[in-house]
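S.K.: Below, each chain spelled out in residue letters.
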Amino acid sequence: MTFRTNGSNGADRNSTDVLIIGSGMSGAAFAKRLTDAGMKCTLLEQGDWIRPVEYDHFHDEFDIERNRGWAYDPNVRQGPEDFPVTGFTTPYMINAVGGSTIHYAAHWPRYKPIDFRKGTEHGVAGNIDWPISYEDLAPYYDINDAEVGISGVHGDPAYPPRPNAPRQKPINPGKLGLKFAKGLDQLGWHWWPSDNGIITEGRDGRLPCNECGNCLQGCPRGALAGMDVSLIPKALANGLDLRTNARVTRIVAKGGKATGAEYIDRVTGETHFVSANIVILAANGIGTPRLLLMSAQEGHPDGLCNANGLVGTHLMHHSFAFVDCWFDDPVEGYLGAFGAPLYSHEFYHSDSSRGFVNGVAMQVGRSFGSAYAANGTHTGAVMPWGANHREHFNEHFGHHLLVFMFGEDLPIKENRVTLDPEVKDSSGLPAPHVEFNVSENDRRLCEFGVERITDVANALGASETNHTGVLSPPPGWHLMGTARMGNNPEDSTTNMYSQTWELPNLFIADGAALTTGGIVNPTSTIGALSTRAAEYIKQNYQNIVEQSKTPANADAPGLSNRELELSAA
Amino acid sequence: MPSTNREADGIESAPEPFGAKATDLDPREAWRNEKAQLGGFNPPVRFTDDQAAVLNAVADTIIPPGGGFPAPSEVFIIDFISRYVTPADKELKYFPLAGEAKFKKQVDGLLGASFADASNDDRTATLRRLEESDDEDEAAFFVQLRSLTYYGYYARPEVTAAIRKELPAGREYHGPPQPYGYLGKVEPWPEGRWDKNPGGYIATDAVTRIEIPADIKAEYEVS
Ligand SMILES: Cc1cc2nc3c(=O)[nH]c(=O)nc-3n(C[C@H](O)[C@H](O)[C@H](O)COP(=O)(O)OP(=O)(O)OC[C@H]3O[C@@H](n4cnc5c(N)ncnc54)[C@H](O)[C@@H]3O)c2cc1C
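Protein sequence lines, in the order shown, are assigned to chains A and B.
Residue numbers 35 to 603, in the working numbering, belong to the letters of the first sequence in order.
Residue numbers 5 to 227, in the working numbering, belong to the letters of the second sequence in order.
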């Protein structure tokens, strides 16, 4: 192969084989696999490292931090590393080394085969089939799972078997998980212990989970698979040139190829340009379309890769409602790894008789601390004050169980990311603007899901339930679909190997690339897709660098799983 | 230096839900100063003795002591409030969005020193009036008082100890999640039951067209 050798500090600091933008799930998976192959990789990340002392887990006052510096929403945190997001939206993301995996719940489900065939199944709204199948992606799920470190139980009959994906023992359900499972059993409904990106046995210098329950605020032990503790350290050991506080202002293109990217060093204020043979854009489902749109330039008047006008469109978040349930007996929701102890896919598949397409899932969650409980837990049911407070608190705290109503949302063209001409980030770059409306199909699906969760709560004799109803806008922790993979340059932004149709050496395999959302959290699929695209680059580097036009799916040089097995062995 | 005191500039709430401003010329300063700090503001806001007495009385009315639980004033709720109200020289951008100048004015004007000595019924009535007020500022002030009381009180180790002692469902609760976690306290899955769970999936080559509900077809113009 002709790519350069590792080592970033030489004279050639501003030219690289592969330039990666963003260090979340996607960027980290590319960085790990490509540096494994000996490529010179430079990664630009606008945020910084989060140090263990910065987490709120050791503080008495940890609960209030969810509304302050540890809020999921950059508009609430307002850190200088964040960019504002305007519009009708609650965007959730973290801008730091590790990206949004810094404080995700690390629930780690896979897509099912049908999730890649929504065009065939019904084609409603912007749904198209993926150009790849579950079987195409399965080996890469396995590789990424093995590298990240996943706990769970093999054998869920609601999925194809995955014997090559190693699993540590699952996180413990506690009274809460056992209770909800019992309710599902009473109704004869599907459930299974969740796969989680939470290690239950130490590995890679990371401490195993000690079941503290504060996963959604990140993990100072490194048990939660933030990319800052899982894949990035491995890539650094391979010689990755990681630049933090490096905010990319635009990707530069010339003669039908990406030539590199320009960034502002947020510490010095200086602007730099890094030239590269291949550029990976991994800035998430909002940051990626933003950067493509910000990169409008000669020959690309509407932004990069946007000749078809699709960049930023078809944004998906999953439809959501939260259901809080209380029981007379102790549930102890404040303890145990959050992730998800279990899920039910009883209603995953479309059933036209319900009056909508697609399905819903139930994902069981936990409660956080006592102050969070007093302030109304997940559904804003703030406890009464005054004379009734003590009795109410005593009856509810430790008796609570949360279920997420999780629905597949349709990819709607009008649900989209554009640039806000008025609002800027701390570097003076335009903020992304999001318009998102929950449409009729997805409202029906949410209502159906809330009713089914309530059925379980009732079967268990819940003393009380409270739900949010259809959340509109939905919590935007899943940012998907805004630069999607597809079948041809008219229906999508990338080909089946994640090469953008417009620039063959610009790759996108982050949340933006997901063609459909399934009814599962997206990160394991983002990791698999990115690992697969990285393997494609590894096997075809020279060919890709020489391409002047992105190959059609049928003409691409392809990917040999034989070589993959050999390299894994 | 551009002014960062939006409250003094007459910007009362945080209408701009956005990140550090383009006017933050030196990003190093923004990185150090503008991130929310764990534990709130340091140095904290200083209240007069009268204001402190009023705030203690507010908290004790919102969460009355009893049943083995201490009064908020006994566990230094005022200390928490003074760290989470935004000092006058800091930009007002963090929850619960209570800025020093306005907050003190409301404590003095809407409650007043006499609140501290009023009967519990009178204090309750005053707070209820604020809670139900049509005046947005008054209603927001009440929510700030309640949030500060709830978040502050339940963060106190003495209160966590009361939860452990008094509540069967709270027996294991120890407040801050780390460093101890809850190892050994979380029940595992029972052994070997997995073959009983129902469930299935549709294989890739078994995916076929479903019938789309007629009104959904019309809504989304599916042909
Ligand atoms: C509270 C919360 C809970 C979640 N729970 C789960 C869960 O349980 N399971 C699950 O699967 N998923 C979960 N998610 C979603 C998960 O975090 C994301 O799916 C995943 O991190 C997306 O990976 P990504 O690579 O697409 O982007 P990200 O991880 O968001 O990474 C993008 C990175 O790009 C950087 N970047 C953006 N723009 C620029 C620029 N211009 N210059 C330089 N750098 C830039 C950002 O700073 C960021 O670090 C959760 C998310 C949140 C916020």
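Since the hints were made in silico from the structure, they are not lab data.
Be aware that one or more of the hints could be misleading.
[What the hints assert, rightly or not] When the alpha-carbon atoms are kept at most 27 Å apart in a straight line, the in silico DSS-like pairs for lysine-lysine are as follows: (1) B:200 / A:458; (2) B:189 / A:203; (3) B:200 / A:203; (4) B:94 / B:189.
Owing to the predicted nature of the structure, the values given are computational and were not obtained by experimental measurement.
S.K.: The structure should be examined with respect to each hint, and the outcome stated for every one.
M.R.: Hint by hint, here is what the structure shows:
Between residue 200 of chain B and residue 458 of chain A the alpha-carbon distance is near 55 Å, which puts this suggested pair outside the 27 Å criterion. Annotation: proposed proximity of residue 189 of chain B to residue 203 of chain A holds, straight-line Cα distance about 16 Å (limit 27 Å). Among the hinted pairs, residue 200 of chain B with residue 203 of chain A is consistent with the structure: their alpha-carbon atoms are about 19 Å apart, no more than 27 Å. Restraint check for residue 94 of chain B and residue 189 of chain B: the C-alpha separation of about 43 Å exceeds 27 Å, so the hint is violated.
Figure legend: structure checked against the earlier numbered hints; hints not met, in rising order: 1, 4.
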